[in-house]
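2 protein chains.
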Amino acid sequence: MYQDEIIIDGLQYCHWDRAYFESLKASGVTAVHATLVYHENARETLTRFAEWNRLFELNHDLIMPVMSMADVRNAKALGKVGVFFGAQNCSPLDDEIGLVEVMRKQGLLIMQLTYNNQSLLATGCYEQEDSGVTRFGKQVIEEMNRVGMIIDMSHSAERSTLEAIDLSSRPICISHANPSRTHNALRNKSDEVIRALTERGGLLGFSLYPFHLPDGSKCTLEAFCQMVAETANAYGVEHLAIGSDLCLNQPQSVLEWMRNGRWSKSKDYGEGSASNSGWPAALPWFPDASGLKNIYKGLRDIGFSETEAAGVLGRNWLRFLEAGLEPAYTQTS
Amino acid sequence: MYQDEIIIDGLQYCHWDRAYFESLKASGVTAVHATLVYHENARETLTRFAEWNRLFELNHDLIMPVMSMADVRNAKALGKVGVFFGAQNCSPLDDEIGLVEVMRKQGLLIMQLTYNNQSLLATGCYEQEDSGVTRFGKQVIEEMNRVGMIIDMSHSAERSTLEAIDLSSRPICISHANPSRTHNALRNKSDEVIRALTERGGLLGFSLYPFHLPDGSKCTLEAFCQMVAETANAYGVEHLAIGSDLCLNQPQSVLEWMRNGRWSKSKDYGEGSASNSGWPAALPWFPDASGLKNIYKGLRDIGFSETEAAGVLGRNWLRFLEAGLEPAYTQTS
Numbered sequence: 139m140y141q142d143e144i145i146i147d148g149l150q151y152c153h154w155d156r157a158y159f160e161s162l163k164a165s166g167v168t169a170v171h172a173t174l175v176y177h178e179n180a181r182e183t184l185t186r187f188a189e190w191n192r193l194f195e196l197n198h199d200l201i202m203p204v205m206s207m208a209d210v211r212n213a214k215a216l217g218k219v220g221v222f223f224g225a226q227n228c229s230p231l232d233d234e235i236g237l238v239e240v241m242r243k244q245g246l247l248i249m250q251l252t253y254n255n256q257s258l259l260a261t262g263c264y265e266q267e268d269s270g271v272t273r274f275g276k277q278v279i280e281e282m283n284r285v286g287m288i289i290d291m292s293h294s295a296e297r298s299t300l301e302a303i304d305l306s307s308r309p310i311c312i313s314h315a316n317p318s319r320t321h322n323a324l325r326n327k328s329d330e331v332i333r334a335l336t337e338r339g340g341l342l343g344f345s346l347y348p349f350h351l352p353d354g355s356k357c358t359l360e361a362f363c364q365m366v367a368e369t370a371n372a373y374g375v376e377h378l379a380i381g382s383d384l385c386l387n388q389p390q391s392v393l394e395w396m397r398n399g400r401w402s403k404s405k406d407y408g409e410g411s412a413s414n415s416g417w418p419a420a421l422p423w424f425p426d427a428s429g430l431k432n433i434y435k436g437l438r439d440i441g442f443s444e445t446e447a448a449g450v451l452g453r454n455w456l457r458f459l460e461a462g463l464e465p466a467y468t469q470t471s
Numbered sequence: 139m140y141q142d143e144i145i146i147d148g149l150q151y152c153h154w155d156r157a158y159f160e161s162l163k164a165s166g167v168t169a170v171h172a173t174l175v176y177h178e179n180a181r182e183t184l185t186r187f188a189e190w191n192r193l194f195e196l197n198h199d200l201i202m203p204v205m206s207m208a209d210v211r212n213a214k215a216l217g218k219v220g221v222f223f224g225a226q227n228c229s230p231l232d233d234e235i236g237l238v239e240v241m242r243k244q245g246l247l248i249m250q251l252t253y254n255n256q257s258l259l260a261t262g263c264y265e266q267e268d269s270g271v272t273r274f275g276k277q278v279i280e281e282m283n284r285v286g287m288i289i290d291m292s293h294s295a296e297r298s299t300l301e302a303i304d305l306s307s308r309p310i311c312i313s314h315a316n317p318s319r320t321h322n323a324l325r326n327k328s329d330e331v332i333r334a335l336t337e338r339g340g341l342l343g344f345s346l347y348p349f350h351l352p353d354g355s356k357c358t359l360e361a362f363c364q365m366v367a368e369t370a371n372a373y374g375v376e377h378l379a380i381g382s383d384l385c386l387n388q389p390q391s392v393l394e395w396m397r398n399g400r401w402s403k404s405k406d407y408g409e410g411s412a413s414n415s416g417w418p419a420a421l422p423w424f425p426d427a428s429g430l431k432n433i434y435k436g437l438r439d440i441g442f443s444e445t446e447a448a449g450v451l452g453r454n455w456l457r458f459l460e461a462g463l464e465p466a467y468t469q470t471s
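Those sequence lines, one after another, are chains A and B. The working numbering applies: residue 139 is where the first sequence begins, and numbers increase by one. The working numbering applies: residue 139 is where the second sequence begins, and numbers increase by one.
For the record, the hints were derived by calculation from the structure and aren't laboratory data. Here the structure is a predicted model, which is why all the values come from computation and not from measurement. Each hint should be verified, as a subset may be incorrect.
Note that identical chains are pooled: a pair holds if it fits in a single copy or bridges any two copies.
[As the list claims (entries may be wrong)] Simulated pairs of lysine to aspartate or glutamate, EDC-like, Cα-Cα distance not exceeding 20 angstroms:
hint: 1; residue 1: Lys243; residue 2: Glu464
hint: 2; residue 1: Lys163; residue 2: Glu195
hint: 3; residue 1: Lys276; residue 2: Asp232
hint: 4; residue 1: Lys405; residue 2: Asp209
hint: 5; residue 1: Lys243; residue 2: Asp439
hint: 6; residue 1: Lys214; residue 2: Glu195
hint: 7; residue 1: Lys243; residue 2: Asp209
hint: 8; residue 1: Lys356; residue 2: Glu337
hint: 9; residue 1: Lys214; residue 2: Glu189
hint: 10; residue 1: Lys276; residue 2: Glu296
hint: 11; residue 1: Lys243; residue 2: Glu189
hint: 12; residue 1: Lys435; residue 2: Glu265
hint: 13; residue 1: Lys214; residue 2: Glu394
hint: 14; residue 1: Lys243; residue 2: Glu182
hint: 15; residue 1: Lys431; residue 2: Asp155
hint: 16; residue 1: Lys403; residue 2: Glu265
hint: 17; residue 1: Lys276; residue 2: Asp406
hint: 18; residue 1: Lys276; residue 2: Asp209
hint: 19; residue 1: Lys431; residue 2: Glu446
Let the sequences and hints guide you as you build the complete structure.
Have a look at this one:
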């Protein structure tokens, strides 16, 4: 039964307020990977953590922070929504290797090595040239492996992604992207990437962001589930999950911050264009997190077993994160 | 027996390296309150945490981080030295109330509201005018009470200290200072302060820094223990402990950073003077943490029971911190 399962959405960046937390709780989702920062540096990241601490304080009846998968199980038992944090860029590190552990201890469980552009660590998927993982990037991958911070290559370029998969001693994830063979887009991933990722125990979260889907906002539930089924047949259902990329109730200014940060004087439209610069229209069958239940049903309807559907909707994230977040060291024994 | 007791030094700022950790372990000390920062802002404090993470990584056979008193008991069982962190100033907060919880989560267990000068929170003991706890200071005290961060008024002025004791809903500490009646110095504390502190369940850590002692570096062990005995008679031995202020192997530049930070163009000599600007000579009976055992013996010799002496040498800190570090809220229930 859907309502008995642990349901995890592997990427959201909504306007986080009490009304939204109420809708999250009502949706039946157990835990959400919330984007903490896009371009914020180390100091600014502390302020984001502080803002979330205040949200936890004011909404403790609805949400709770997640530092490990034990907290997710606890959230399920308590009927609260667990929230865990990721960065869509490596900006919280500034240029300092030691901040990997500092940020991990503060609650940054997942970090992308790049966000579309070249970073200090690797190349983003919008660059013309992909020079792979940098010297600093190699150090950071090793350190993320050590402290148990999950490497996410959702917005990274092909070569950088393949190198990160190879360099990392632990499985990595692509938290929110779709196969290029279903929909060819800069943000989607080639068969080669998905094969390398899954062969090494990695996880792919399917995105519900219309720019990542065939027919955009008109993509049907059936077509989405068909994409999941084809990917499951090719690479194994145990490696597949959801990272909806749900961005609800956010003003245009947030979209511009995501796309432009502080790096561009001329406006960058990301996956949009000058004539289509706003947020894409939501999928009718995925208006908010309640749509996860539609996906569960849709997967069952095209032949996924209960176990398989529950895996995609949460258990696969749970298992992946449980292993990946365990530090490779102990300090108190 | 001394070696069976939990021994806690409530303030050190030594040059932290492997050789020193070996001497700490050999001294029999169970845990040390290490000063993390003097004047570092929020961002710089992250680097200090990162440096300590590296020290824990490289010296895991000797030291371990302490986030709660359970870790101190664990350190005792493992034969390692536990290290917990405090700030001698409120500079890690910048001007942001939310950083109290952020820094607490990172491992800042204790914070002074001022370091000699006026801060954003209160007045330091070297200012001419003591205007008491500020508007921001009142907010921070309440927040420190909420998250379980210990308030320390060692370097604060009289009125500010009395107000902090009164404003705080939980007992506070003066981690390293002595009674003014034993030795009159700007950094030492009046009977009124020690009475208010201890009546509210607070803790006084006696300092071994020669500037805080009668006869400076020539103060005898007997005179030191006599001071402890007189204070115990007046205010109760359960409120007394040690905060040695041990600063070993530090260059002159560190003393100047402590005294001058970035605030002074003309050189400030703190407790010293132009003709006496260096580190004071160590007490012969307290050359390093091994001297704690001399204090234990000295206290026994002038009539303290085993329980009383063990209380001053560690159990009083343990009990005080165990209560004080418990957050006044839970996020995961």
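How the hints compare with the structure:
1. Lys243 <-> Glu464: Both ways: lysine 243 and glutamate 464 sit 12 angstroms apart in one copy and 18 angstroms across, limit 20 angstroms.
2. Lys163 <-> Glu195: So lysine 163 and glutamate 195 pass the 20 angstroms test inside one copy only (16 angstroms; across, 40 angstroms).
3. Lys276 <-> Asp232: This pair counts as within: shortest intra-copy Cα distance 15 angstroms, inter-copy 33 angstroms.
4. Lys405 <-> Asp209: Classified as neither: same-chain Cα gap 41 angstroms, cross-chain 52 angstroms, threshold 20 angstroms.
5. Lys243 <-> Asp439: neither (42 angstroms within a copy, 46 angstroms between copies)
6. Lys214 <-> Glu195: Within. Shortest intra-copy distance 19 angstroms satisfies the 20 angstroms Cα cut-off; inter-copy 35 angstroms does not.
7. Lys243 <-> Asp209: both (15 angstroms within a copy, 16 angstroms between copies)
8. Lys356 <-> Glu337: neither (32 angstroms within a copy, 70 angstroms between copies)
9. Lys214 <-> Glu189: Classified as neither: same-chain Cα gap 24 angstroms, cross-chain 37 angstroms, threshold 20 angstroms.
10. Lys276 <-> Glu296: Cα proximity of lysine 276 and glutamate 296: one copy only (16 angstroms, versus 53 angstroms across).
11. Lys243 <-> Glu189: both (17 angstroms within a copy, 14 angstroms between copies)
12. Lys435 <-> Glu265: Classified as neither: same-chain Cα gap 38 angstroms, cross-chain 70 angstroms, threshold 20 angstroms.
13. Lys214 <-> Glu394: neither (35 angstroms within a copy, 54 angstroms between copies)
14. Lys243 <-> Glu182: both (16 angstroms within a copy, 17 angstroms between copies)
15. Lys431 <-> Asp155: Classified as neither: same-chain Cα gap 22 angstroms, cross-chain 55 angstroms, threshold 20 angstroms.
16. Lys403 <-> Glu265: Within one copy only: 17 angstroms inside a chain, 48 angstroms across chains, cut-off 20 angstroms.
17. Lys276 <-> Asp406: Result: close neither inside a copy nor across copies, 29 angstroms intra and 45 angstroms inter.
18. Lys276 <-> Asp209: Neither way: lysine 276 and aspartate 209 sit 31 angstroms apart in one copy and 33 angstroms across, limit 20 angstroms.
19. Lys431 <-> Glu446: within (14 angstroms within a copy, 63 angstroms between copies)
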